[in-house]
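Undergrad: For what it's worth, the numbering used here labels the leading residue of the sequence shown as 201, then goes sequentially.
By construction, these hints were calculated from the structure, which means they are not laboratory data. All C-beta atoms in this analysis are idealised placements derived from N, C-alpha and C, irrespective of residue type, glycine included. Do not rely on the hints blindly, as some may be mistaken.
[Unchecked claim] Each pair of labels, with its calculated beta carbon distance range:
{"#": "1", "residue 1": "T359", "residue 2": "A256", "range": "22 to 28 Å"}
{"#": "2", "residue 1": "N421", "residue 2": "A509", "range": "53 to 59 Å"}
{"#": "3", "residue 1": "M455", "residue 2": "D351", "range": "33 to 39 Å"}
{"#": "4", "residue 1": "R383", "residue 2": "T441", "range": "57 to 63 Å"}
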Amino acid sequence: MTAIEAHRVAVLALPGVLPLDLGIPVQAFGSDPHYEVTVCTDPAAGPVRSGWFTVAADAGLEALEGAGTVVVPGCQDPEEPPPAAALAAIRSAHARGARLVSICTGAFVLAAAGLLDGRPATTHWLDAAALQRRYPRIDVRPNRLYVDDGDVLTSAGVTAGVDLCLHVIRRDFGAAAANARARALVAPPQRPGGQAQFIDRFRPPARGEELAPVRAVMLDNLARRQTVDELAQHAHMSRRTFIRRFQQETDTSPMAWLTAARIDWARELLETTTTPVEQVARLSGLGSPAAFRAAFHRHVGTSPADYRATFRA
């Protein structure tokens, strides 16, 4: 019986690489007989510091030339421009057919290489707004654990990187191979990429204060029905002007912001109280228990009961 040739994976350690992000693909793929892993750097960029230590890589950028998969871990400062030679090597690898995978803020590197334009992608929820602002042509999906767009895959932070690596193994060699690695890593065998990141707050921050009093009114009355016309009247603006100003300050519409605020309040009630789910639905203003469960699952990616089981002390 002919042995199957191992799939070659190049893990690119750039300056400021995050230790956990670097270790995830090395650990996930490195101990799997299906893969051959090489850690590489850009020698011209000098020694690569990773937290409290220096990375001694096995190879330079030439390792990307023969890799079937190139993994880019996140870096400490995601908005610092990556080395030009590294970006050129990533583009070249992708052009000849290599699959690209980013962990956490490694998405910024793929974006800098121009390889995420017009694609769906994700990163750590804390950095998602910065990614969207800096690269507006990307379809940033801040709530996703990971996004598989065929030849380019991106993930959120740390544990979501494990999820994505297991997803890649499952895609390459089947569920049995992925489950075996999951057991070795003591990780859940499968968390779908569509499951939401457990972000701190769904309600987007405001960049202006003109409508702060209106937003305070919205937060003080989450349980009752609120309309755009009422809110515009409170702001002493026409409906059209109010919507435009609200969008300018929050990057979203009044009703979308209100729904996110209600989800945040529901999460707080589920985390800190024993209030029944049916009552949480009423207090949060998200409608009937069935409507509440549907909205909660749509935003958070899990049910209210499961969320409470995970986060209630």
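Undergrad: Does 57 to 63 Å hold as the CB distance between R383 and T441, or does it fail?
TA: holds, 58 Å
Undergrad: Given a hint of 33 to 39 Å, does the C-beta separation of M455 and D351 actually sit inside it?
TA: Distance hint for M455, D351 holds at roughly 37 Å.
Undergrad: Is 53 to 59 Å respected by the C-beta to C-beta distance linking N421 and A509?
TA: violated, 30 Å
Undergrad: Check the following: the C-beta atoms of T359 and A256 are separated by a distance inside 22 to 28 Å.
TA: holds, 26 Å
Consistency with the previously given hints fails for number 2 only.
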